[in-house]
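Please take these sequences and the hints and turn them into a complete structure.
In order, the protein sequence lines correspond to chains B and F. Heads up: the first sequence begins at 1 in the numbering used here, then just goes up one per residue. Heads up: the second sequence begins at 1001 in the numbering used here, then just goes up one per residue.
By construction, these hints were calculated from the structure, which means they are not laboratory data. Hints are not guaranteed to be accurate.
Using 16 Å as the maximum straight-line C-alpha spacing, the simulated EDC-like pairs for lysine to aspartate or glutamate come out as follows [claimed, not checked]:
| # | chain 1 | residue 1 | chain 2 | residue 2 |
| --- | --- | --- | --- | --- |
| 1 | B | Lys-161 | F | Glu-1231 |
| 2 | B | Lys-243 | B | Asp-40 |
| 3 | B | Lys-243 | B | Asp-54 |
| 4 | B | Lys-199 | B | Asp-155 |
| 5 | B | Lys-192 | F | Glu-1231 |
| 6 | B | Lys-208 | B | Asp-54 |
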Amino acid sequence: VFSFVLMVFVTFAIVGCSKQGTSEPSELATKGSGPAIAVDPATAGSVTGNVILDGPPPVLRPIDMGGQPFCGKAHPSPVPPPAVVTGENGALANVVVFVKSGLGNYRFDIPRKPVVLDQQGCMYEPHVAALIAGQTLEVTNSDETLHNVHPMPRDNPEWNKSQPAGSPPISAIFSQPELAIPMMCNVHPWMKSYIFVFKNPYFVVTSKTGTFNIGNLPPGTYTIEAWQERFGTLDETVTIRPKDSKVISFRFRATSVPGA
Amino acid sequence: MVLLMAGALVTNNNAGDSVPDWPLAYGRLVPPLVGGIRYEYGHRVIASVVAVLTLALAVWIGRTSSSRLARRFGWAALGLIIAQGALGGMRVLLGHPALLATAHATLAQLFFVAVVALSLFTSSWWQQDRSPLDDSSSPGVRALAAWTTLAIFVQLIVGAGYRHGAFGIMPHVIGAAVVTFLVIGTGRAVRKRFGKVRGLRRWSIWLQAFLGTQILLGIGAYWVTLKAAPEAQPATIYFVLTVAHVLVGALTLASSVLLALSSFRMIRPRELAVLGLRAENSARVSRG
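Following this line, the structure appears as structure tokens:
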């Protein structure tokens, strides 16, 4: 019986151990028939707009870092969680606006400049980060305490690295496009952020102004999606003609917050 | 129980990955004890103490006990705690595969049950000679208790799977209904057939009491989990109810194991009971 139990658990263990390792793509192109082409700036258009929260922002339970040696000093009083951040007139920050579908077969350069995700005062800055597959994510630690850096993707390899105070940045590359990868620090479990990995450069993370501008978009009909971690997603369809500029607006309803 | 509680606190504080290396912690014997590291490292220390105690127990029983069953269970418990440590290490080194974490939580229950069984096998009550009881009704209490134990064990696996994200809540809810049905059926059978047999009745009462508590805790734990899901930092009640649910789950399984083992110890198998009945009848006929 004992041997059987051990066998069962070894089987569990083997099945459970799957994804390890990372890979770096050398080129990035959207999928389609025929060879990928570069976007012609002479005909490219743009989509601009803003993201608004309809209604008062939900009252979220503040984060109390008391009892944590460094974090408690950095934030002596409870901190509002970054899940819903609004600016003037309901402008909604930390919303990812991106081209969900409709893009043809184009190729894009992978930016050499890394996207930086910093740990400041036991919080992530920015709360939502977006990059292109193959671009480097650089995780820095500005705190005088240790963190562990732990993304939990579905399609990319999961990893978990410690980053004591004063450590050099951790560089990582996500080779597969994937939306809303949760990133967390298990030492300070309130520290959560989201990483978006796209296969094209048509995305924006809104600031407190709630505005976005997606430029250099080739003519075509697109579904533009806005994602917010608490309110879900909203879609808009736009048709861009050569040198066209469209304005759209996303309005999330505050009442759709679960648990609020 | 303290080790189970420490493990549940690691899970509920999302601290399982707060120490990315194993068997050392941040490359040291004692890491900086901040945040989630306190839970994860505390769990490792308590597990190490329990492993040493289990080794001492296995050796001691192996040298002093005349019961082969007790000696075997002593070594089995040692094997289980070693396997559990290795599984815990794999859980740390290989990230957070839901199946691995579920297996770790399940093996914890098996180890706990092995130690509970060991306490019964080494008790003076178990060693005493007593005249066997007969249970001619169907299904028998032995079978009912065994099936109930199996159902509770499966339910604990499903519950661990839900906690670690391997399954949804529905299998756990269905499991709760099955377990409730079996526990009530077993309790009724024990009360009607062996209501005055303390060795069976007490475990049956404990089993039903723990199950009732567990259902209430389960409802509460689910409610606070839903409430905590959108929060960056859950309220204290979340930790209290969810950890209590894990612990009372273990106690429910333990009381069912004790009932099953006691019924196997005290009640004759039905075939023997039938043979005994026939022998008594023949004796009565020949006397008459």
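Structure-based check of all given hints:
1. B:Lys-161 - F:Glu-1231: The hint is violated at about 25 Å.
2. B:Lys-243 - B:Asp-40: holds, 10 Å
3. B:Lys-243 - B:Asp-54: violated, 32 Å
4. B:Lys-199 - B:Asp-155: holds, 13 Å
5. B:Lys-192 - F:Glu-1231: Holds. Lys-192 of chain B to Glu-1231 of chain F sits at ~11 Å (cutoff 16 Å).
6. B:Lys-208 - B:Asp-54: holds, 15 Å
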